[in-house]
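Assemble chain B onto chain A, guided by the hints.
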Amino acid sequence: MGGYGDVQMIDDKGLRMDGRKPSECRPIEIETGVVPVADGSARVRWGLNDVIAAVYGPMEAHPRKIQRQDRAVLDVRYNMAPFSTTDRIRPGFNRRSREISKVTAEALESVVMLELYPRSKIRVEIEVLCAEAGTRCAGITAASAALAHAGIPMTDLVVSVASGKVNGVVVCDLNKEEDNYGEADLPMGILPNSGELVFLQMDGDLSQEDFKIAWDYNMEAASHIHEIMARALKGGDA
Amino acid sequence: MRGRRVAGPIDMTRGRGAGGPHGSRESVLVAPGDDLGDSKELEPGHGVIVVDGRLKAVKQGRMTKDGKNVGIQPRRTAYVPRPSDLVIGFVEGMTNNIWFIDIGAPFNAILPLSLGPSKASFGGLRSVLDVGDAILCRIQEVEENHSSVATMKGMGLRKLKTGSVESVDPHLLGRVIGSKGANLSELKEKTDTRIIVADNARVWIDGDVEGIISARAELGAMMMKAKISEYRGDV
Numbered sequence: 001m002g003g004y005g006d007v008q009m010i011d012d013k014g015l016r017m018d019g020r021k022p023s024e025c026r027p028i029e030i031e032t033g034v035v036p037v038a039d040g041s042a043r044v045r046w047g048l049n050d051v052i053a054a055v056y057g058p059m060e061a062h063p064r065k066i067q068r069q070d071r072a073v074l075d076v077r078y079n080m081a082p083f084s085t086t087d088r089i090r091p092g093f094n095r096r097s098r099e100i101s102k103v104t105a106e107a108l109e110s111v112v113m114l115e116l117y118p119r120s121k122i123r124v125e126i127e128v129l130c131a132e133a134g135t136r137c138a139g140i141t142a143a144s145a146a147l148a149h150a151g152i153p154m155t156d157l158v159v160s161v162a163s164g165k166v167n168g169v170v171v172c173d174l175n176k177e178e179d180n181y182g183e184a185d186l187p188m189g190i191l192p193n194s195g196e197l198v199f200l201q202m203d204g205d206l207s208q209e210d211f212k213i214a215w216d217y218n219m220e221a222a223s224h225i226h227e228i229m230a231r232a233l234k235g236g237d238a
Numbered sequence: 001m002r003g004r005r006v007a008g009p010i011d012m013t014r015g016r017g018a019g020g021p022h023g024s025r026e027s028v029l030v031a032p033g034d035d036l037g038d039s040k041e042l043e044p045g046h047g048v049i050v051v052d053g054r055l056k057a058v059k060q061g062r063m064t065k066d067g068k069n070v071g072i073q074p075r076r077t078a079y080v081p082r083p084s085d086l087v088i089g090f091v092e093g094m095t096n097n098i099w100f101i102d103i104g105a106p107f108n109a110i111l112p113l114s115l116g117p118s119k120a121s122f123g124g125l126r127s128v129l130d131v132g133d134a135i136l137c138r139i140q141e142v143e144e145n146h147s148s149v150a151t152m153k154g155m156g157l158r159k160l161k162t163g164s165v166e167s168v169d170p171h172l173l174g175r176v177i178g179s180k181g182a183n184l185s186e187l188k189e190k191t192d193t194r195i196i197v198a199d200n201a202r203v204w205i206d207g208d209v210e211g212i213i214s215a216r217a218e219l220g221a222m223m224m225k226a227k228i229s230e231y232r233g234d235v
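One line per chain: the protein sequences are A and B, in this order.
So for the first sequence, my numbering puts the first residue at 1; every next one is plus one.
So for the second sequence, my numbering puts the first residue at 1; every next one is plus one.
I should point out that these hints are in silico values taken from the structure, not numbers from a laboratory.
Heads up, some of the hints might be wrong.
What the hints assert, rightly or not - Short, incomplete list of chain A residues facing chain B, as computed with Cβ under 10 Å:
hint : residue
1    : 21
2    : 39
3    : 233
Claimed, not checked - Some chain A residues well away from chain B (every beta-carbon gap over 10 Å; in silico):
hint : residue
4    : 15
5    : 149
6    : 180
Virtual Cβ for every residue (Gly too), placed ideally from N, Cα, C.
Same shape as in the complex, but just chain A:
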C-alpha cells in the first residue's frame, strides 16, 4: 500500500503486469502429506508463494493454565523463513507474525470442532518458504488443508484469498508489485460450502462498489481454490 499511483500496473488492454485478467488468480497447487512425522500436513504453492503447514495433536495442553475444560485450544504459529523474501528476515517472531498467527487461529477456530477435545491442544505450524504476496491467505488455506488431513473434525474447510485495487481497478489475488504499490487489499477467509465469512481484513481505501466487486472476486476465487483443495484431500498421499 505504497500509494504510488503513477506506477502503471494495468495495461491498455486491461491486463495486469503478469498477463492476468483482473478477476484471475495466480496458479495454485495444493499437496497433502508433505511432512511425514506430523499428524497432518499440506503444502500450498500459490504463484511464487510456497507455504507448508503441519498439524500436531490433539495432545495434552501444556502448561496446564492454557487448558480449557470444555474445548481444545488451537495453537497457531505463522513464521516466515529468513530466506523467504529478497531482504533477509530476522528469524523468530515479530509483531506481524504474531498478528497473522492470531487471525489465523481465530479463522480456524470457527470451523474446527474444538469441543470434542476438552483440555487438549492442537498445534498448527505454518512456515512460509517463499513469499510473494498473500502469504497469510496461503497460510490459512494450507493450515485448513493440513487440519483436514490430520483427521481433525471440521464443519467446513477455510479458503482464504485477497482482492485489492490497483490503478483504480479492482483485481483478484494481488501479486507482490500490486500489493506493494496498490491502493487497497481485502483478504477474506471463506467457508466454501456455506459461503460464510470467518476472516476479513482491509488495508487501504475501497468504495462501496469496489468492495462489492472485490467481495465477488474473492467468493469466486474461493470456490475455485476449494475445488483444488478438495481434490488434494481426496487424492491421497504417501
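Coordinates of chain B only, in the frame set by chain A:
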C-alpha cells in the same frame, strides 16, 4: 452451535468400531464440509453431523453407507480411548498409589494401585511397575474430559517383559489384522511369533530374535504397501 447435532462422540462406540461403520455397500471420498444428503432419509454416523436438515461431513475420508446410516471412515485419525479397549502402554510416572500410563492418546491413562498387576504397598509402586515398563492393560473408564482409567485385572493383562512393541498408524490397524484376522494369522505363522495387536495401534511381537526381526520387517512392508495403495487411491 444452533442446529448442529454432533454425531461423532455418540457413535464412536466399540460396537461401531473406531474407524466408523463397517459393512458398507458403497463408498466415496469426502472432505470436511461436503454435503452428504438429506437428514430425513439418512442417519448420521461417525464423522457426520446434521446442519439445517442436511448431512455434512466433518472428516476427510471414505463415506460409507450402510442402509440408512451414513458414516465416514477417516483416512487418518488419532487414537481416542474407549472403555474396554485392549491397549499396550508404557509407565511414564507414578505417585504413591497411581501409575501414569502413556497409551498413545492425547492424555495419559491412570492405573490405580487397586487395579494394578499385583499387591504393592502404598509408596512402593516402583517395585511392581517401573518407569519405562510396557504393560498390556484394558481401559476401564473414560471420562468426558478425556481422562481414562486403565486396569490390569483381567485375563492375560500383564507386564510385557519380553519381545518388542511396534507402533503403527491407527487408521491402518485394519490392514494389519485383515479380514477376520487373516493377515495377522499369516504373519504369526510366517515368522513363528506371538503377536498382540492392541486397539491403540501398538503391536507386541514376541518370539526368537530372528522371528521378531522378520515380523517387524513384514509389518513395515505391510504399512508401506497400505500407504502406497492409499496414495494411488485404491483403498
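Taking the hints in turn, this is what the structure says about them:
1. Given the 10 Å rule on beta carbons, the hint for residue 21 of chain A is violated: about 29 Å separates it from the nearest Cβ of chain B.
2. Satisfaction of the interface hint for residue 39 of chain A is found here, the shortest Cβ-Cβ separation to chain B being roughly 7 Å, below the 10 Å cut-off.
3. For residue 233 of chain A, the suggested interface contact is upheld, since its CB lies about 4 Å from the closest CB of chain B, less than 10 Å.
4. Once the 10 Å rule is applied to beta carbons, residue 15 of chain A is consistent with being away from chain B; the minimum gap is 34 Å.
5. With a closest Cβ-Cβ approach of about 6 Å to chain B, residue 149 of chain A is found to fall inside the 10 Å limit, against its non-interface label.
6. With a least CB separation of 34 Å from chain B, residue 180 of chain A remains clear of the 10 Å interface cut-off, as annotated.
In this structure, the hints that do not hold are numbers 1 and 5, in rising order.
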